[in-house]
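Number of protein chains: 2
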Amino acid sequence: MRILHHLPLSPYARKVRLALAEKRIPFELRVERVWDRRPEFLDMNPACTVPVLIEETGLAIADSYAICEYLDEAYPDITLFGRTLAERAEVRRLVSWFDDKFNTEVTRNLYYEKQMKRLLGRGNPDSGVIRAGYANLRPHLEYLGWLAETRAWLAGPQVSLADFAAAAHLSALDYIGDVDWSTNESAKEWYARMKSRPAFRPLLADRVSGVTPPPHYADPDF
Amino acid sequence: MRILHHLPLSPYARKVRLALAEKRIPFELRVERVWDRRPEFLDMNPACTVPVLIEETGLAIADSYAICEYLDEAYPDITLFGRTLAERAEVRRLVSWFDDKFNTEVTRNLYYEKQMKRLLGRGNPDSGVIRAGYANLRPHLEYLGWLAETRAWLAGPQVSLADFAAAAHLSALDYIGDVDWSTNESAKEWYARMKSRPAFRPLLADRVSGVTPPPHYADPDF
Chain A
1 MRILHHLPLS PYARKVRLAL AEKRIPFELR VERVWDRRPE FLDMNPACTV PVLIEETGLA
61 IADSYAICEY LDEAYPDITL FGRTLAERAE VRRLVSWFDD KFNTEVTRNL YYEKQMKRLL
121 GRGNPDSGVI RAGYANLRPH LEYLGWLAET RAWLAGPQVS LADFAAAAHL SALDYIGDVD
181 WSTNESAKEW YARMKSRPAF RPLLADRVSG VTPPPHYADP DF
Chain B
1 MRILHHLPLS PYARKVRLAL AEKRIPFELR VERVWDRRPE FLDMNPACTV PVLIEETGLA
61 IADSYAICEY LDEAYPDITL FGRTLAERAE VRRLVSWFDD KFNTEVTRNL YYEKQMKRLL
121 GRGNPDSGVI RAGYANLRPH LEYLGWLAET RAWLAGPQVS LADFAAAAHL SALDYIGDVD
181 WSTNESAKEW YARMKSRPAF RPLLADRVSG VTPPPHYADP DF
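Those sequence lines, one after another, are chains A and B. Here UniProt numbering is used: the first residue of the first sequence is 1, the next is one more, and so on. Here UniProt numbering is used: the first residue of the second sequence is 1, the next is one more, and so on.
Because the hints were derived from the structure by calculation, they are not lab data. Here the structure is a predicted model, which means the values were calculated and not measured. Here a beta-carbon is modelled for each residue, glycine too, at the ideal position from N, C-alpha and C. Among the clues, some could well be false.
Now the stretches of chain B that chain A is said to cover, found in silico as 3 or more residues with beta-carbon under 8 Å [stated by the list, open to error]:
no., stretch
1, 59-66
2, 69-75
3, 91-104
Mimicking DSS-like on lysine-lysine, the simulated pairs with C-alpha atoms at most 30 Å apart in a straight line are [claimed, not checked]:
no., chain 1, residue 1, chain 2, residue 2
4, B, LYS114, B, LYS101
5, B, LYS114, B, LYS188
6, A, LYS23, B, LYS101
7, A, LYS114, B, LYS114
8, A, LYS188, A, LYS23
9, A, LYS117, A, LYS23
10, B, LYS188, B, LYS101
11, B, LYS101, A, LYS117
12, B, LYS117, A, LYS114
13, A, LYS117, B, LYS117
14, B, LYS23, A, LYS117
15, B, LYS23, A, LYS114
16, A, LYS114, B, LYS101
17, A, LYS23, B, LYS114
18, B, LYS117, B, LYS101
19, A, LYS188, A, LYS101
20, B, LYS23, A, LYS101
21, B, LYS114, A, LYS101
22, B, LYS23, B, LYS188
23, A, LYS117, A, LYS101
24, A, LYS101, A, LYS114
Generate coordinates for the entire structure from the input sequences, incorporating the hints supplied.
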């Protein structure tokens with residue numbers, strides 16, 4: 001069976017889980033405690049990050065960007081990137097927006113600072129960094145809300161990897177109770193649609209020891 | 001004519017310039033002072049980063065990841081990603097290694113901290129951050145040297161976007177005099193091969209006002 005090495009709250013692993021499920025590609029999950037720096041895992045991915053996908057042929061693919069592009073090339077029937085060159089450019093611009101800009105300005109300052117820093121042995125959370133994360137989240141929710149108002153889905157008429165990248169980051173932050181959805185009605189309505197998709201159900205069932213999600217986390221009608 | 005909005009030392013713009021030149025796609029360069037936050041530029045790329053590519057059809061593509069994947073799909077004759085799925089996964093893993101991990105651990109701590117921070121109005125360089133950048137560069141040069149010793153090019157038998165991503169970051173750091181090539185002979189030998197490629201010449205001719213590169217910067221036999 002195909003295996004995805006992951007951590008339950010990793011936004012990059014969540015994006016790949018959503019992509020696999022939307023493309024109806026079966027896989028098994030294996031939790032990888034990256035802070036243990038397991039030698040066999042380092043051989044597959046010297047960056048020691050999740051996700052890593054292992055195909056049934058033995059092919060190991062590290063890095064969520066490499067995995068998502070691989071899935072589009074290896075299993076093209078259901079595309080998550082759009083059909084035209086212009087659509088695909090817009091999907092990828094937004095994937096980069098969430099995986100790079102949103103991650104640097106929000107996810108790292110909240111999820112990484114609060115959850116991962118101690119596990120990785122890099123000290124205690126910094127309250128100034130966490131404050132910056134909350135401050136940055138608000139304009140990001142506004143931009144997302146504006147996209148959701150002006151288009152059917154974030155990148156255009158079809159649901160795409162841009163929606164899954166955004167939902168992956170926001171769902172990880174929502175699990176730790178860091179998203180105030182009341183600040184933007186359009187963003188909230190888009191996220192409710194994302195949560196209702198069958199591909200999303202396993203993410204809503206995730207539980208991490210020591211961290212209880214808020215009651216609305218798993219509720220599509222929050 | 002096709003236009004690439006760039007900054008001379010941006011590693012992401014340099015990667016795209018190398019990709020365009022290797023694929024023999026003609027283009028014109030336009031310097032974009034991103035810190036001016038020009039409204040017409042923000043319309044094309046709300047993230048307000050370079051590079052942005054404008055095709056002759058008017059199609060604007062923002063973000064170096066989106067541009068490089070677009071170029072591979074729109075102009076497939078000369079591929080920079082390899083032919084097989086496994087080759088392409090390895091190229092993309094390494095592009096991500098340099099554009100994400102190397103950037104976070106080295107480029108941001110040196111090029112961004114020393115050159116961009118003041119221009120963007122985000123304060124003065126932090127000497128602790130710069131020290132961390134130098135310390136992180138050494139193991140990265142070792143990994144690059146190891147790849148260059150065990151393969152013809154970084155990702156495998158053919159030159160690929162992995163080489164251009166790596167050379168883009170290192171050439172920007174080399175311009176500001178931050179790379180001590182004597183620490184790794186294999187990395188130096190690989191970089192000499194990169195500098196000898198015709199696509200590299202325009203980068204070696206770049207000059208930025210107020211910053212004089214070291215004498216070896218433009219010399220392929222450094």
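For each hint, the structure was consulted:
Coverage of the stretch 59-66 of chain B by chain A holds. Counting CB-CB distances below 8 Å, 6 residues qualify, and the rule asks for three or more. Counting residues of the stretch 69-75 of chain B whose C-beta lies closer than 8 Å to any C-beta of chain A gives 4; at least three are required, and the coverage claim holds. Coverage of a stretch by a chain is defined here by at least three residues with a beta carbon nearer than 8 Å to that chain's beta carbons; for the stretch 91-104 of chain B and chain A the count is 7, and the condition holds. Annotation: proposed proximity of LYS114/B to LYS101/B holds, straight-line Cα distance about 19 Å (limit 30 Å).
A threshold of 30 Å between alpha carbons decides the hint, and for LYS114/B with LYS188/B the separation of about 24 Å falls inside it, so the pair holds. Using a Cα cut-off of 30 Å, the hinted pair LYS23/A and LYS101/B holds, with the two alpha carbons roughly 29 Å apart. Between the alpha carbons of LYS114/A and LYS114/B the distance comes to roughly 29 Å, so the proposed pair stays at or under 30 Å and holds. Taking the CA atoms of LYS188/A and LYS23/A, the gap is near 25 Å; set against the 30 Å cutoff, the hint holds.
Proposed proximity of LYS117/A and LYS23/A is contradicted: the alpha carbons are some 33 Å apart, above 30 Å. With a CA separation close to 20 Å, the supplied pair LYS188/B and LYS101/B stays within the 30 Å bound. A distance of roughly 16 Å separates the Cα atoms of LYS101/B and LYS117/A; the hinted pair therefore holds under the 30 Å criterion. For a cut-off of 30 Å, the pair hint linking LYS117/B to LYS114/A stands: about 26 Å separates their Cα positions.
Among the hinted pairs, LYS117/A with LYS117/B is consistent with the structure: their alpha-carbon atoms are about 25 Å apart, no more than 30 Å. For the proposed pair LYS23/B and LYS117/A, the alpha carbon gap of about 42 Å is over 30 Å, so the pair is violated. At most 30 Å may separate the alpha-carbon atoms for a hinted pair to count; LYS23/B and LYS114/A exceed this at roughly 44 Å. For the suggested pair LYS114/A and LYS101/B, the alpha carbons sit about 21 Å apart, so the restraint of at most 30 Å is met.
Of the supplied pair hints, the one linking LYS23/A and LYS114/B is violated, its CA atoms being roughly 44 Å apart against a limit of 30 Å. Proposed proximity of LYS117/B and LYS101/B is supported: the alpha carbons are some 19 Å apart, at most 30 Å. With a CA separation close to 20 Å, the supplied pair LYS188/A and LYS101/A stays within the 30 Å bound. A C-alpha spacing of about 29 Å is found between LYS23/B and LYS101/A, which places the hinted pair at or below 30 Å, so the restraint holds.
At roughly 21 Å between alpha-carbon atoms, LYS114/B and LYS101/A fall within 30 Å of each other, so this suggested pair holds. Distance hint between LYS23/B and LYS188/B is fulfilled; the C-alpha atoms sit about 25 Å from each other, no more than 30 Å. Between the alpha carbons of LYS117/A and LYS101/A the distance comes to roughly 20 Å, so the proposed pair stays at or under 30 Å and holds. Between LYS101/A and LYS114/A the CA atoms are separated by roughly 19 Å; this keeps the pair inside 30 Å, and the hint holds.
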